[in-house]
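Novice: Let chain A serve as the given structure and place chain B on it in line with the hints.
Sequence lines, in order, name chains A and B. Position one of the first sequence corresponds to residue 1 (this note's numbering), numbered consecutively onward. Position one of the second sequence corresponds to residue 1 (this note's numbering), numbered consecutively onward.
It cannot be assumed that every hint is accurate.
Same chains, same names: a pair is fine if it fits in one copy or spans any two.
Claimed, not checked - No farther apart than 20 angstroms at their CA atoms in a straight line, the calculated lysine to any residue pairs in the SDA-like style are these:
hint, residue 1, residue 2
1, K2, F30
2, K10, D49
3, K10, L40
4, K10, L28
5, K2, E19
6, K2, P68
7, K10, R22
8, K2, R22
9, K2, G12
10, K2, L28
11, K2, R26
12, K2, T33
13, K2, L69
14, K10, R39
Hints listed in this document are in silico derivations from the structure and should not be mistaken for laboratory results. As the structure is a prediction and not an experimental result, all values here were calculated from the model.
Protein chains: 2
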Amino acid sequence: MKATVSVRPKPGILDPQGEAVRGSLRHLGFDVTETRVGRLVELELAATDAEAARQEVERMCEQLLANPLIETFDIVIAP
Amino acid sequence: MKATVSVRPKPGILDPQGEAVRGSLRHLGFDVTETRVGRLVELELAATDAEAARQEVERMCEQLLANPLIETFDIVIAP
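Isolated chain A (complex conformation):
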């Protein structure tokens, strides 16, 4: 199965990468008021059951893919 994990900086948490992108976009003339940069992790899993896959990917997020102190994640499972 395929899983897509979106990892985002938590609201209120400083996002230096987003700030840098926003500064560069404004410098290029774009009218952008806020920018946040996160990660997109796409996985191909051996699991064949959607619920088992979701639970496995949640454990991956907690152990490696996201930092729960400063980031949120959401998971989409597709066959």
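Specialist: Same frame as chain A, now just chain B:
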């Protein structure tokens, strides 16, 4: 308006970050066959028209947010 840009390494292009994540996940005991890592850029725009916003974000992608040689991007506009 809000825009979400997903930037992914093109199929066939080497993705060292994805390879590193895959190696770490397998080391942790997860059965993952492929991993690709991209970026998620969320923007708050001054533009009020969805079509104008999309065109503006496409220009941002071409100029700054994505490297068209090795990455693809897709854009979702929300009010």
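Novice: Can you tell me if K2 and R26 fall within 20 angstroms by alpha carbon in one copy, between copies, both or neither?
Specialist: The answer is between: 16 angstroms across copies meets 20 angstroms, while 36 angstroms in one copy does not.
Novice: Treating 20 angstroms as the Cα threshold, decide for K10 and R39: within, between, both or neither.
Specialist: both (13 angstroms within a copy, 16 angstroms between copies)
Novice: Classify it for me, K2 with L69: is the Cα-Cα distance of at most 20 angstroms met within a copy, between copies, both or neither?
Specialist: Cα proximity of K2 and L69: none, with 26 angstroms in one copy and 25 angstroms across.
Novice: Indicate which option fits the pair K2, L28 if close means a Cα-Cα distance not exceeding 20 angstroms: within, between, both or neither.
Specialist: Only across copies: K2 and L28 sit 19 angstroms apart there, 37 angstroms inside one copy, limit 20 angstroms.
Novice: Which holds for K2 with G12 at a C-alpha limit of 20 angstroms: within a copy, between copies, both or neither?
Specialist: Between copies only: 17 angstroms across chains, 31 angstroms inside a chain, cut-off 20 angstroms.
Novice: Should K10 paired with D49 be assigned to within, between, both, or neither, using CA atoms and 20 angstroms as the limit?
Specialist: Close neither inside one copy (30 angstroms) nor across copies (28 angstroms); limit 20 angstroms.
Novice: Within, between, both or neither: how does the pair K2, R22 come out at a Cα-Cα threshold of 20 angstroms?
Specialist: For K2 and R22, only the inter-copy Cα distance (14 angstroms) is at most 20 angstroms; the intra-copy one is 32 angstroms.
Novice: Within a copy, between copies, both or neither: where do K2 and P68 come within 20 angstroms Cα-Cα?
Specialist: Neither: 23 angstroms inside a copy, 25 angstroms across copies.
Novice: I want to check one pair: K2 and F30. Are their C-alpha atoms no more than 20 angstroms apart within a copy, between two copies, both, or neither?
Specialist: between (35 angstroms within a copy, 14 angstroms between copies)
Novice: State whether the alpha carbon distance between K10 and L28 is at most 20 angstroms within one copy, between copies, both, or neither.
Specialist: neither (27 angstroms within a copy, 26 angstroms between copies)
Novice: What label fits K2 with T33 when the C-alpha limit is 20 angstroms: within, between, both, or neither?
Specialist: Intra 34 angstroms, inter 10 angstroms, cutoff 20 angstroms: inter-copy only.
Novice: Classify it for me, K2 with E19: is the Cα-Cα distance of at most 20 angstroms met within a copy, between copies, both or neither?
Specialist: Only across copies: K2 and E19 sit 16 angstroms apart there, 32 angstroms inside one copy, limit 20 angstroms.
The structure does not agree with the numbered hints 2, 4, 6, 13 stated previously, though it agrees with the rest.
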